[in-house]
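Given chain P, work out where chain L should sit, using these hints.
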Amino acid sequence: MSLEETKWFISPEDDQKITDVFSSLRLRYQNYKDPWGFNLELCEKALRTLMPLYRSYFKVRVFGKENVQDHPYLVVGNHTGQIPLDGMLVTMAFALDIAPPRILRAMVERFLAQLPFLGDLTAQTGSILGDRANCEYLIDHGESILVFPEGVRGISKNTPDYYKLRNFSQGFYRIALQKKTPILPICIIGAEEMFPLVFHAKKIASMLKLPSLPISANLIPLPSPIDIYIGKEISIPQHLNAESSDKEIKENVFHIENTIKKMIVQGLANRRPFFDEIRRPVSKFLIKEFRSKQSP
Amino acid sequence: MSEKKKILIIGIAGGLAQMTARLILNEHPEWEILGIDSRDISKVPPLKGLTSLELKYSRGNFENLFRTHQFEVVYHLGRISHSSNTHNILAKRIELSVMGTNRILELCERSQVKKVIILSTFHVYGALPDNSIFLKEDAPLRASIRHPELRDVVEMDQICTNWMWKNQNTVSTIVLRPCNIIGTQIHNAMTRFLAGPIALSPADYNPFFQFIHEFDMAHILYKVLKDVPTGTYNVAGSDFISLRDALKVVGTKGIPFPIVLAGGLNSALKRFNIDVPEYLLDYLKFSCLISNHELKKHIGPNFLRFSINEALELIKLR
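Here the protein sequences line up with chains P and L, keeping their order. Quick note on this note's numbering: the first sequence kicks off at 1 and runs consecutively. Quick note on this note's numbering: the second sequence kicks off at 297 and runs consecutively.
These are computed hints drawn from the structure, not numbers from a lab. Ideal Cβ placement from N, Cα and C applies to all residues, glycine included. Hints are not guaranteed to be accurate.
What the hints assert, rightly or not - Some chain P residues near chain L, calculated using beta-carbon distances under 7 Å:
hint, residue
1, P35
2, G37
3, R110
4, A113
5, Q114
6, P116
7, F117
8, D120
9, D131
10, A133
11, N134
12, Y137
Claimed, not checked - Pair by pair, the computed Cβ-Cβ distance ranges are:
hint, chain 1, residue 1, chain 2, residue 2, range
13, L, A485, P, S11, 48 to 56 Å
14, L, H483, P, H141, 36 to 44 Å
15, P, Y32, L, P341, 43 to 51 Å
16, L, P341, P, P100, 55 to 63 Å
17, P, H141, L, P554, 29 to 37 Å
18, P, Q30, L, S603, 13 to 21 Å
19, P, H71, L, Q408, 51 to 59 Å
20, L, S603, P, Q178, 30 to 38 Å
21, P, E251, L, N562, 51 to 59 Å
22, P, N31, L, N322, 33 to 41 Å
23, L, K593, P, H200, 49 to 57 Å
24, L, R601, P, S245, 46 to 54 Å
25, L, H594, P, P100, 35 to 43 Å
To be verified - DSS-like cross-link-like pairs, simulated, lysine-lysine; straight-line CA separation at most 27 Å:
hint, chain 1, residue 1, chain 2, residue 2
26, P, K262, P, K65
27, P, K33, P, K180
28, P, K261, P, K179
29, P, K33, L, K432
30, L, K592, P, K33
31, L, K302, L, K352
32, P, K45, L, K544
33, P, K202, P, K164
34, P, K262, P, K164
35, P, K33, L, K593
36, L, K522, L, K344
37, P, K17, P, K59
38, P, K180, L, K432
39, L, K522, L, K592
40, L, K549, P, K33
Bound-form chain P, shown alone:
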């Protein structure tokens, strides 16, 4: 799909914004060659194509933009939804609504890297295998990494566990310590409701060698309004290093978990009602119909 063909999807303002964002990203990446195949042109096309989802379908709002500075981060958040669209929306938010724009490099599960077509596509749009050496290489090159330390456990929750954080793994914090990279906590509200869970097809998942296979009633995501909250950066304590004990690491990881939990509580309190997104347009349409019939 050419850039021209995608233009009808998006407003002229967003179109101009994407053009500006990618002009600045091209300057930033002009001397960088990515060993995973990160493809800026493809990212631009993908962003233009997905823009209506971001703006009109999920109506993404981003809070705490002022907390992001111009240096690499480990962006750490809660993982939600049965299909991890949250990663895509956060990446779009950091490209479109944060200054200076950046494409977050999302850490993905091993199984994704080996899938035909999908593995290549995710690599081209910036994802990398969740591996310490890979992350360190990217941080050295000024990139910010998106991490969901809950892993697959985060997206395969049962309905009563929505917005309940699973225990964070500690690997990301050791990377942050190794590279002295600050943590940027984020929380995503609204993505849990995109695919209401019916059941976990554990046997099929194990047959297909998938880490999880949650089955949802709907094939396309419900239009749940999405809020992304960006917290204040958490700097790395100077007295710790990548070889520090598990106990010391755990305390700090626990602090990050708690910070995100508080953000979730605040986010849930301020969220937009889910059914408003369906009710409002339907009501508008009915009112319009009613008025047109009333008028002579």
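Relative to chain P, chain L alone:
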């Protein structure tokens, strides 16, 4: 290094060994090189200072060579390749690569050779979906996890590195693990794949590769003789290229083909003995990039004459 030296090059029928011999003799015409190979050596070009012999590594007269010549340096470039259909004769490969190497090292130790340079391969790391970026020399050798038929490659490398540390006080040993060596005189699978009129280009994967031109590899084989201490070293440039781009640079027409189906196709071709080694299909799916950090410490950052694009363009001359 100006005194007269006697050098043994094992695998002289190969293009890389011949280039290395030529480089050494250009720099040191007073040195003597004995080149041996178990393959036909009739195509080895005559060179002043080079004597070539067709010989099996396991035979008694091979042992005699070490007794009659006081070799100071031994180049072991005679690893049997997996690129042809030799994968059907694993026993032969094990005999030549593993048993042969063991014997060579034993003879080197016995005859007090001062320097041993061994050509292994980056294939020992294996092309796996969870490979880290730029594998260092201490990365696990996982090639035979998915492909047990590669165990001779891994085993040979391990025999060499174990022997290297065991004898580090008496022999300076260098094990080189180069990335894909390409060139007009090299007849390996990758050069054939790239330089053919058409090539299957994976539609579902686009792995990254490192390439080194045969001349640069020969130059490094010469350089490690003087400048590099005992150890295992990856050999690759700092640059890398995706397979699709590499085919474009060479000018080979890539036919998009889903590699997920290639396994089945390959099994069918096996009946006619025209299949490709299965492990190579993994390299068309997953990247296996290696770090050159260790080698750069000793021979400097700009040790290659040809960039990756130039190396690829040069194989068009085949």
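Taking the hints in turn, this is what the structure says about them:
Among the interface hints, the one on P35 of chain P holds; its C-beta lies about 5 Å from the nearest C-beta in chain L, closer than the 7 Å criterion. Hint status for G37 of chain P relative to chain L: holds, with the closest Cβ pair at about 6 Å, below 7 Å. Proximity of R110 of chain P to chain L holds as hinted, the smallest CB-CB distance being about 5 Å (cut-off 7 Å). At its closest, the beta carbon of A113 of chain P sits 5 Å from a beta carbon of chain L; the interface hint therefore holds under the 7 Å criterion.
Annotation: interface hint on Q114 of chain P holds; nearest CB of chain L at approximately 4 Å, less than 7 Å. Checking P116 of chain P against chain L by beta carbon gives a least distance of about 3 Å; that is within 7 Å, so the hint holds. The restraint placing F117 of chain P at the interface with chain L holds, with a minimum CB-CB distance near 5 Å, inside the 7 Å limit. Interface hint at D120 of chain P: satisfied, since its Cβ lies 5 Å from the closest Cβ of chain L, which is below the 7 Å cut-off.
Annotation: D131 of chain P was flagged as interfacial toward chain L, and the flag holds, the nearest CB pair being 5 Å apart, inside 7 Å. Annotation: interface hint on A133 of chain P holds; nearest CB of chain L at approximately 4 Å, less than 7 Å. Hint status for N134 of chain P: holds, given a least beta-carbon distance of 5 Å to chain L, under 7 Å. Interface hint at Y137 of chain P: satisfied, since its Cβ lies 5 Å from the closest Cβ of chain L, which is below the 7 Å cut-off.
In this structure, A485 of chain L and S11 of chain P meet the distance hint of 48 to 56 Å, their C-beta atoms being roughly 52 Å apart. A hinted range of 36 to 44 Å holds for the C-beta pair H483 of chain L and H141 of chain P, which are about 37 Å apart. For the pair Y32 of chain P and P341 of chain L, the supplied restraint of 43 to 51 Å holds, since their beta-carbon distance comes to about 44 Å. The hinted range of 55 to 63 Å is satisfied by P341 of chain L and P100 of chain P, whose Cβ atoms lie roughly 59 Å apart.
Separation of H141 of chain P from P554 of chain L is about 32 Å and conforms to the stated range, judged on CB atoms against 29 to 37 Å. About 18 Å separates the C-beta atoms of Q30 of chain P and S603 of chain L, a value consistent with the hinted range of 13 to 21 Å. Range check, H71 of chain P to Q408 of chain L: about 57 Å between beta-carbon atoms, so the 51 to 59 Å window is met. For S603 of chain L and Q178 of chain P, the Cβ-Cβ distance of about 32 Å falls inside the hinted range of 30 to 38 Å, so the restraint holds.
Distance hint check for E251 of chain P and N562 of chain L: the Cβ-Cβ separation is about 53 Å, which falls inside the suggested range of 51 to 59 Å. Between N31 of chain P and N322 of chain L the C-beta distance comes to about 37 Å, which sits within the given range of 33 to 41 Å. At about 51 Å, the beta-carbon gap between K593 of chain L and H200 of chain P stays in the expected band of 49 to 57 Å. Between R601 of chain L and S245 of chain P the CB atoms are about 49 Å apart, so this pair conforms to the stated range of 46 to 54 Å.
As the Cβ distance of H594 of chain L to P100 of chain P is approximately 40 Å, the hint placing it in 35 to 43 Å holds. Between K262 of chain P and K65 of chain P the alpha-carbon distance is near 18 Å, which keeps this suggested pair within the 27 Å criterion. The suggested pairing of K33 of chain P with K180 of chain P holds, with an alpha-carbon distance near 24 Å, which does not exceed 27 Å. As the CA atoms of K261 of chain P and K179 of chain P are separated by approximately 25 Å, the hinted pair is consistent with the 27 Å bound.
Distance hint between K33 of chain P and K432 of chain L is fulfilled; the C-alpha atoms sit about 20 Å from each other, no more than 27 Å. Taken as a hint, the K592 of chain L and K33 of chain P pair is honoured in the structure, with Cα atoms around 20 Å apart against an allowance of 27 Å. Using a Cα cut-off of 27 Å, the hinted pair K302 of chain L and K352 of chain L holds, with the two alpha carbons roughly 20 Å apart. Proximity of K45 of chain P to K544 of chain L is assessed by CA-CA distance (about 23 Å); at most 27 Å being required, the pair is judged to hold.
Between K202 of chain P and K164 of chain P the alpha-carbon distance is near 21 Å, which keeps this suggested pair within the 27 Å criterion. At roughly 11 Å between alpha-carbon atoms, K262 of chain P and K164 of chain P fall within 27 Å of each other, so this suggested pair holds. For the hint linking K33 of chain P to K593 of chain L, the alpha-carbon distance of about 23 Å falls within 27 Å, and the restraint holds. A C-alpha spacing of about 22 Å is found between K522 of chain L and K344 of chain L, which places the hinted pair at or below 27 Å, so the restraint holds.
Of the pairs offered as hints, the one joining K17 of chain P and K59 of chain P holds, with about 17 Å between alpha carbons and a cut-off of 27 Å not exceeded. Restraint check: the Cα-Cα separation between K180 of chain P and K432 of chain L comes to about 22 Å, which is no more than 27 Å; the hinted pair holds. Under the criterion of a C-alpha separation no larger than 27 Å, the hint pairing K522 of chain L with K592 of chain L is consistent with the structure, at around 14 Å. Annotation: proposed proximity of K549 of chain L to K33 of chain P holds, straight-line Cα distance about 24 Å (limit 27 Å).
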